[in-house]
Amino acid sequence: GDSVTQMEGPVTLSEEAFLTINCTYTATGYPSLFWYVQYPGEGLQLLLKATKADDKGSNKGFEATYRKETTSFHLEKGSVQVSDSAVYFCALRWGNKLTFGTGTQLKVEL
Amino acid sequence: GAVVSQHPSWVICKSGTSVKIECRSLDFQATTMFWYRQFPKQSLMLMATSNEGSKATYEQGVEKDKFLINHASLTLSTLTVTSAHPEDSSFYICSASKGGGQDTEAFFGQGTRLTVV
Numbered sequence: 205g206d207s208v209t210q211m212e213g214p215v216t217l218s219e220e221a222f223l224t225i226n227c228t229y230t231a232t233g234y235p236s237l238f239w240y241v242q243y244p245g246e247g248l249q250l251l252l253k254a255t256k257a258d259d260k261g262s263n264k265g266f267e268a269t270y271r272k273e274t275t276s277f278h279l280e281k282g283s284v285q286v287s288d289s290a291v292y293f294c295a296l297r298w299g300n301k302l303t304f305g306t307g308t309q310l311k312v313e314l
Numbered sequence: 148g149a150v151v152s153q154h155p156s157w158v159i160c161k162s163g164t165s166v167k168i169e170c171r172s173l174d175f176q177a178t179t180m181f182w183y184r185q186f187p188k189q190s191l192m193l194m195a196t197s198n199e200g201s202k203a204t205y206e207q208g209v210e211k212d213k214f215l216i217n218h219a220s221l222t223l224s225t226l227t228v229t230s231a232h233p234e235d236s237s238f239y240i241c242s243a244s245k246g247g248g249q250d251t252e253a254f255f256g257q258g259t260r261l262t263v264v
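Protein chains in written order, with our numbering: chain C, 205 to 314; chain S, 148 to 264.
It is possible that some hints are incorrect.
Unchecked claim - In silico PhoX-like cross-links for lysine-lysine, where the CA-CA straight-line distance does not exceed 25 Å:
(1) S:Lys202 - S:Lys161
(2) S:Lys188 - C:Lys301
(3) S:Lys213 - S:Lys167
(4) C:Lys301 - S:Lys211
(5) S:Lys245 - S:Lys202
(6) C:Lys256 - S:Lys211
(7) C:Lys264 - C:Lys311
(8) C:Lys253 - S:Lys213
(9) C:Lys253 - C:Lys281
(10) C:Lys264 - C:Lys281
(11) C:Lys301 - S:Lys167
(12) C:Lys260 - C:Lys301
(13) S:Lys202 - C:Lys253
(14) C:Lys256 - C:Lys301
(15) C:Lys253 - S:Lys161
(16) S:Lys202 - S:Lys167
(17) C:Lys311 - C:Lys301
(18) C:Lys301 - C:Lys272
(19) C:Lys272 - C:Lys253
(20) C:Lys311 - C:Lys253
(21) S:Lys167 - S:Lys245
(22) C:Lys272 - C:Lys256
(23) C:Lys311 - S:Lys202
(24) C:Lys281 - C:Lys256
(25) S:Lys245 - S:Lys188
(26) C:Lys256 - S:Lys245
(27) S:Lys161 - C:Lys301
(28) S:Lys202 - S:Lys213
(29) C:Lys253 - C:Lys301
(30) C:Lys281 - S:Lys188
(31) S:Lys161 - S:Lys211
Stated by the list, open to error - Here are the computed distance ranges between Cβ atoms for each label pair:
(32) S:Glu199 - C:Asn263: 37 to 47 Å
(33) S:Gln189 - C:Arg271: 41 to 51 Å
(34) C:Gln309 - S:Ser162: 44 to 54 Å
(35) C:Thr274 - S:Gln189: 41 to 51 Å
(36) C:Phe222 - S:Ser162: 27 to 37 Å
Just so you know, the hints here were simulated from the structure itself, not pulled from any lab data. No residue lacks a Cβ here, since even glycine has one placed at the ideal position from N, Cα and C.
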């Protein structure tokens with residue numbers, strides 16, 4: 205079946221550091237790929253998405269490129285802020301079903 | 148973006164009792180609603196998918212008689228955990244979407260922390 209693997213956390217960075225959270229997927233079809241963010245005490249929010257190979261999703265300084273050849277969708281940000289501290293989930297969607305990774309907690313310190 | 152409200156945010160119940168969790172789409176009509184369960188440091192596991200006016204489709208391994216799902220209107224779905232036991236303690240999350248296509252965005256509730264004592 206479909207699955208998503210993302211790096212374990214927590215990831216702790218200093219403010220303004222570069223962020224990469226790795227995500228790879230296994231799917232039988234050609235899924236859409238997503239990154240969701242969950243801030244403390246809140247529900248999941250869509251951060252960005254890509255619907256086909258080589259698409260780049262971007263939002264709030266975060267980017268991820270749909271790489272079909274490596275089945276990856278790594279999340280990057282050039283300069284993180286304390287306010288980016290949250291749990292980040294990589295997910296794929298095939299049909300109306302979302303499959304999530306385990307989530308990666310990001311802690312950004314001053 | 149669209150808002151999905153989940154109630155209650157947390158609940159503590161005695162073993163053997165039933166608990167109902169509500170999921171409402173506040174500013175859109177949700178054709179499809181999803182219920183997930185999240186264990187600590189683990190992924191969200193899809194429990195069931197429900198479409199308004201029809202029976203829910205449960206994922207393999209999810210007991211449909213224990214986790215009753217009702218999607219009576221386009222803005223409300225409920226999950227009832229019947230005869231709850233401590234092993235049912237978990238974080239339950241709902242999401243709702245306006246359609247069923249692959250590119251249709253799903254909007255999430257804030258989750259319900261269930262503790263069974």
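Hint-by-hint comparison with the structure:
1. S:Lys202 - S:Lys161: violated (28 Å)
2. S:Lys188 - C:Lys301: Holds: lysine 188 (chain S) and lysine 301 (chain C) sit about 21 Å apart, inside 25 Å.
3. S:Lys213 - S:Lys167: Answer holds: lysine 213 (chain S) to lysine 167 (chain S) is near 12 Å, not above 25 Å.
4. C:Lys301 - S:Lys211: holds (18 Å)
5. S:Lys245 - S:Lys202: Roughly 18 Å separates the two Cα atoms, so the pair holds.
6. C:Lys256 - S:Lys211: violated (35 Å)
7. C:Lys264 - C:Lys311: holds (17 Å)
8. C:Lys253 - S:Lys213: violated (34 Å)
9. C:Lys253 - C:Lys281: Given pair lysine 253 (chain C), lysine 281 (chain C) holds - Cα atoms ~15 Å apart, limit 25 Å.
10. C:Lys264 - C:Lys281: holds (9 Å)
11. C:Lys301 - S:Lys167: holds (24 Å)
12. C:Lys260 - C:Lys301: holds (22 Å)
13. S:Lys202 - C:Lys253: violated (30 Å)
14. C:Lys256 - C:Lys301: holds (17 Å)
15. C:Lys253 - S:Lys161: violated (41 Å)
16. S:Lys202 - S:Lys167: holds (17 Å)
17. C:Lys311 - C:Lys301: Roughly 29 Å separates the two Cα atoms, so the pair is violated.
18. C:Lys301 - C:Lys272: holds (20 Å)
19. C:Lys272 - C:Lys253: holds (14 Å)
20. C:Lys311 - C:Lys253: holds (23 Å)
21. S:Lys167 - S:Lys245: holds (23 Å)
22. C:Lys272 - C:Lys256: holds (8 Å)
23. C:Lys311 - S:Lys202: violated (41 Å)
24. C:Lys281 - C:Lys256: Measuring from Cα to Cα gives roughly 21 Å; hence the hint holds.
25. S:Lys245 - S:Lys188: violated (29 Å)
26. C:Lys256 - S:Lys245: At roughly 21 Å apart (the allowed maximum being 25 Å), lysine 245 (chain S) and lysine 256 (chain C) satisfy the hint.
27. S:Lys161 - C:Lys301: violated (33 Å)
28. S:Lys202 - S:Lys213: holds (15 Å)
29. C:Lys253 - C:Lys301: holds (15 Å)
30. C:Lys281 - S:Lys188: Since the Cα atoms of lysine 281 (chain C) and lysine 188 (chain S) sit roughly 23 Å apart, the hinted pair holds (cutoff 25 Å).
31. S:Lys161 - S:Lys211: holds (21 Å)
32. S:Glu199 - C:Asn263: 37 to 47 Å: violated (30 Å)
33. S:Gln189 - C:Arg271: 41 to 51 Å: violated (26 Å)
34. C:Gln309 - S:Ser162: 44 to 54 Å: violated (31 Å)
35. C:Thr274 - S:Gln189: 41 to 51 Å: Since the Cβ atoms of threonine 274 (chain C) and glutamine 189 (chain S) sit about 25 Å apart, the hinted range of 41 to 51 Å is violated.
36. C:Phe222 - S:Ser162: 27 to 37 Å: Violated: the Cβ-Cβ distance is about 48 Å, outside 27 to 37 Å.
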